[in-house]
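Novice: The primary structure of each chain is shown beneath.
There are 2 protein chains.
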Amino acid sequence: MPELRRDPITGRWVIVNKEAPFTPKDFEVVHDEFKGEENCPFCYGHEHMTPPEIEAIRPEGGAPNSPGWKVRVVPNKFPALKIEGELDKRGEGVYDKSRGIGAHEVIIDSPHHYKGLSELEEEEIQFVIDTYLSRSLDLRKDRRFRYILIFKNFGSIAGSSLEHGHSQLIALPMVPKNVREELKGAARYIGYHERCIFCDIISQERGNGERIIFQNRYFIAFCPLFGRFPFEVWIIPVNHNCDFGFMPQEEKPYLASILKQTMGRIKEVLDNPPYNYIIHTCPVNIIEMPGGYHWHIEIMPKLNRVAGFEWGSGFYVVQTPPEEAAKYLRKELSV
Amino acid sequence: MPELRRDPITGRWVIVNKEAPFTPKDFEVVHDEFKGEENCPFCYGHEHMTPPEIEAIRPEGGAPNSPGWKVRVVPNKFPALKIEGELDKRGEGVYDKSRGIGAHEVIIDSPHHYKGLSELEEEEIQFVIDTYLSRSLDLRKDRRFRYILIFKNFGSIAGSSLEHGHSQLIALPMVPKNVREELKGAARYIGYHERCIFCDIISQERGNGERIIFQNRYFIAFCPLFGRFPFEVWIIPVNHNCDFGFMPQEEKPYLASILKQTMGRIKEVLDNPPYNYIIHTCPVNIIEMPGGYHWHIEIMPKLNRVAGFEWGSGFYVVQTPPEEAAKYLRKELSV
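These protein sequence lines are chains A and B, in that order. Heads up: the first sequence is residues 1 to 335, going by my numbering. Heads up: the second sequence is residues 1001 to 1335, going by my numbering.
A portion of the hints provided could be inaccurate.
[To be verified] Taking lysine-lysine pairs in the DSBU-like style, the calculated list, with each CA pair at most 30 angstroms apart, reads:
#1 B:LYS1177 <-> A:LYS89
#2 A:LYS97 <-> B:LYS1177
#3 B:LYS1018 <-> A:LYS77
#4 A:LYS18 <-> B:LYS1097
[To be verified] Residues of chain A clear of chain B, computed beta-carbon distances all greater than 10 angstroms:
#5 GLU163
#6 GLN249
#7 PRO253
#8 GLU332
Since the hints were made in silico from the structure, they are not lab data. We put the CB at the ideal spot given by N, CA and C, even for glycine.
Chain A extracted, bound-state conformation (with noise of 0.2 angstroms):
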């Protein structure tokens, strides 16, 4: 018998599969052909190939736009949003409008061409989150936005047309839909029980162990109960704060070090699948921020296709269940 199981933030009901669970040997995983770096515009000498640079961390100095650089940010070459201008808001009849304002940025994690995450230095990792944050705080400077969006793509499936690793930042003048659903979902569960309810889940997986795969001092990786894709993976602070951009400085190494963990251990398990992560964090600039949220990255390896029942649905099937699946992220089992 299958189970339906309800994301306790969102509302949202998914379908595990129980009776036959399918193993990670059941997916049919799509890798690209490698390009090369010959051509590759995130590569040492190839500066002038993107726009030019918004920051970058050189800890041994050197000019900007050229090599040396251990993480670099430059604008996306085709934006989804522009920079300039003001937004006007406008209706047309029944429709509302606006000009597409906002920011798109490109990261590119570290000069290596070939290295994914887990394959770079723990302190290498610790600039990339050192840019996101720079980034978040520097963005948010700017009144008109009022989310900062940061995530990855991986495989050309998952929507990567670079293969040298990067990540990329959205400044959006709206609370995205989705996001202003877990807010609300967050909201209405502090408003009854007046705790947080990604708190409670931390705690229910702490003391439960099964969904857990990785744990340090500041944050946990677990596979969420109610994941709405196989080998669905979330890593959480264990200690309450909504806003990623105020990160305590003590939780930035455990965090690089968890995130290489299970980048490396999705990567080994899975085959190197195509993957999407997104951090999760609260609005910016906005007067009355409902309570309750608390940041986090979810973690979505790309592993099935979404079809007309989830579209039109907003259900999911789950073809792994999130314990077999944390099994296999722990290496008890193995196929």
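Place chain B on chain A using the hints.
Specialist: The following block gives chain B in isolation, referenced to the frame of chain A:
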């Protein structure tokens, strides 16, 4: 400058690329290799390869599970949900669970292995619609069900594993999240304006005309201003009606006709793309139905990838403005 547009029903924003719109040729359409009819469980003479039929249209009579049918309904061999038992909703700390009760049926559109919906005769499409209606009315007699989702996947990247044209039906014990959002949006609008938002959209679109592709006495087919996907098309009845299951008899031939036209035009202009279509209708067996819903079909050609940005935000980037898409689909523009 890109344009931000808001879905007036759900509140979702989309980003429309107005500067360098994609033409149909700019999308990489994925085609599947033909597998042929030899091992096809949906062809005449292969009726034993499916579970026993639930119902079929046999204008000239004939035994169940034998050839001669026009449309045939069978249980899904790998159902996402199971029909027997009670829901048994229960809590587990912060989580909610239930048994995976539901129905999952396959509707074989016609006996023709190679014919897509648009290649069927209008009379044959009416048989498909008759079957959708009959299953919708039959399944709602089961009081455990709250929603009947009818959809169609075409092409492997749209989630279809069998090439013989078919639709699917899933009866769900809960109202799906996406439907609840649409209902809430419609109720909010009617609460304020005392009018149906879909009726207002129809009247604005008919007044303006630039996004309409086809129209007849009872239906319009148009590219919604706020569609999430390039070349997304909605088919909607002009007369207000929340429940697809109660479509008036006289509308049926007009629906068959506009479906054939629309699917044929999408196939022609977009080079036979993979697609999903979904019938959006109101829930069944619920006591308090919020007002202002209006059933319709959403057709989503699968032309591009959904990546981290979309998953993270619920924002979508639409590379072809719906006004342009409608021009291509009306054949006023070509490439």
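Novice: Taking the numbered hints from earlier one at a time, note which ones the structure violates and give those numbers from smallest to largest.
Specialist: The structure conflicts with no hint, since it agrees with every one listed earlier.
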